[in-house]
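For this one, chain V is given, so just place chain F on it according to the hints.
If you read the sequences in order, they're chains V and F.
The opening position of the first sequence corresponds to residue 1 in my numbering, with each subsequent residue numbered one higher.
The opening position of the second sequence corresponds to residue 1 in my numbering, with each subsequent residue numbered one higher.
No farther apart than 20 Å at their CA atoms in a straight line, the calculated lysine to any residue pairs in the SDA-like style are these: (1) F/K214 x V/S166; (2) F/K214 x F/P227; (3) V/K160 x F/D32; (4) F/K214 x V/P116; (5) F/K221 x V/W118; (6) F/K214 x V/D109; (7) V/K208 x V/P248; (8) V/K50 x V/E182.
Covered stretches of chain V, going by a simulated chain F footprint (3 or more residues, C-beta under 8 Å): (9) 69 to 78; (10) 104 to 113; (11) 125 to 139.
Listed next, with one range per pair, are the computed distances between beta-carbon atoms: (12) F/D32 x V/E139: 31 to 41 Å; (13) V/T35 x F/D153: 27 to 37 Å; (14) F/V147 x V/R212: 44 to 54 Å; (15) F/I303 x V/R138: 50 to 60 Å; (16) V/P116 x F/Q100: 49 to 59 Å; (17) F/A181 x V/E139: 54 to 64 Å; (18) F/K26 x V/G132: 29 to 39 Å.
Simulated from the structure, these hints should not be mistaken for laboratory data.
Quantities reported herein were computed from a predicted structural model and do not represent experimental measurements.
Ideal Cβ positions, reconstructed from N, Cα and C, are used throughout, including at glycine.
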Amino acid sequence: MTIEKPILEVEDLSKYFDVSAPLLRRLVRREGRATLRAVDRVKFSIPKGKTLSLVGESGCGKSTVARLVVGLYEPTTGKVVFDGHDMAAKHSRKEMAGLRRRFQMIFQDPFASLNPRWRVYDIIAEPIRAHGIARDEREISRRVAQNLERVKLSARDGEKFPHEFSGGQRQRISIARALASEPEFLVCDEPTSALDVSVQAQILNLMKDLQRELGLSYLFISHDLAVVYHIADYLGVMYLGRLVEVGPAREIFKNPQHPYTRMLLDAIPDLEMTGRKRIPVGGEVPSPISPPSGCHFHPRCPFANERCQREAPGVTTLSGEIDVRCHAVEEGRLAGEVEKLRMQSSAA
Amino acid sequence: MQPTRTSPDMPASSPRMWRRFYENTKGFFDGDVFYSFSRSPLTILAFVITMAMFFAAIFAPWVAPYDTYDLRSLNLMDAYKPPAWSPGGEAEYLLGTDDQGRDVLSAIIFGLRISLLVGFSGVILAALVGTIMGLLSGYFGGWIDAVIMRIADVQLTFPAILIALMIDGIASTMMSSQARADFKIYVIILAIAASLWVNFARTVRGSTLVEKNKEYVQAAKVIGIHPLLIMIRHVLPNVMGPVLVIATLSLAVAILTEATLSFLGVGVPPTNPSLGTLIRIGNDFLFSGEWWMSIFPGVMLVILVLAVNLLGDWLRDALNPKLR
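Next comes chain V alone, as it looks inside the complex (with noise of 0.2 Å):
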């Protein structure tokens, strides 16, 4: 996948934890230290105006990719480069100031992500005051009103605390906040995971809406197919860290290729393919902090062979512009085997 002129291009980002015991219980039970392999080598770019969206099951470390790029964390490898300027190489706060204010980010929890004890004019005031984008109080004010009205809030709103709004309320209060310093990209966390359904669908129209009115890019997390599929332009696939594929979202929907994103697909409940022959894979997620050799997904996956626990796959790229990380499709072997599973499970 490669694009021109990217609004986030991320290269080999990788963020190790550590988890080990304390020191003393680490001398008396002779353990070694463990790390925690959150985001494993991670490389993906974004084009402006464009959403890319980060699926996995829970724990496959998309969450921190986030934050990852939005500073919350310190990259143990790689780098984040937004929009030509390396992040990590920014130390001074001034400079740092300046790039702040072009991205922001959306949190999963609206219940949290909203300070209880501030009025919502406070909130959203907030990040026009600290990056003194306005500092006459009447210009704050109309721009506050602006931003609430952006997502369908009224300017009086700005006068109630965060508690006398419900759920998608407060993530549209979120929005708001986050585009009051006028970014051009956003990173959401899971925005729509905390909401109802039929909230799920105003809050992804609205972001849509914004991103065609303002020409905003995301990166988008989720666990959620059919929220990506709504939203997603490009889609990456993340298991235990690494990114198995990653490619134009249209695409990896209708032609999966990993072993690991067939079966999210297949996962979908889907009334129209019902009866349809699934690809059987079970297991649980292996724990991050001692995975599987080679490739991290080979215990559940049905095409493993012994080449797949001994070395993890490299990046393949296929026609239109999909890169894969599994050895079956480097090999080949993967269209073939997969026909193979489909006849035998019909037959059975």
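Frame of chain V; chain F shown alone:
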């Protein structure tokens, strides 16, 4: 970024500010806390007693029948007078007089002033230091947390009285006796604060650990707010509830500690007596029959501490969302 402009407060004359002030005031009387207050007669009684004592203490020169600081008004002829209702008592000395002819009621009111002053100052100092320490400790974690909390642990092994005696000992070797008498009250305040700050620090640290991982704090980080501003403007308002409760309960402890220290003779000097000092002075005369000198200040102390404690207990329940 100019910090002065980032304050969420409005300019002083803004109509928004007054509307908010009105709404906040109205909100308080409509709110749960006031409702729970109006439903508890014991709490109202405790509140009225506490307020009456505060009033008497603040306006002591006008409330008290005599100015006990004015040595010219003392007359040794009036010494050892029993309370007004017992034989030999005089109506002008309602609760009797002490060995120097001081009116016991006036002495109690002026003593209340010293007791409350020391108690309040001690608690405010402790709350200030404890809250700052707890915030720093909880928010930054790591070695800052380790150092502050180990100091707190060590602090906790010393009772307040020991700390006060220690500070008093250090002060006495460093200062002349005249300077000691002048500074005595500050030494007591410092000793009380030193023994109470740990409670604040630990509670605030605990709440901060919870709050700092909430997404609104992370949102502020993403916006690029300075960590100190995040602590003051985002975390602090959300950890103040428990601080208020501990402050109220600590006030009772502080008043008692001061009384204990004064009773032991390391507290405020007899020229400027607090309730504890009055009890100690009266204690010398207990066996010679002049019981009123120590009993009345003692009763006053019990009522004050009880009322403050009842208020604190109620506040703890009223602010606990699980008990609503």
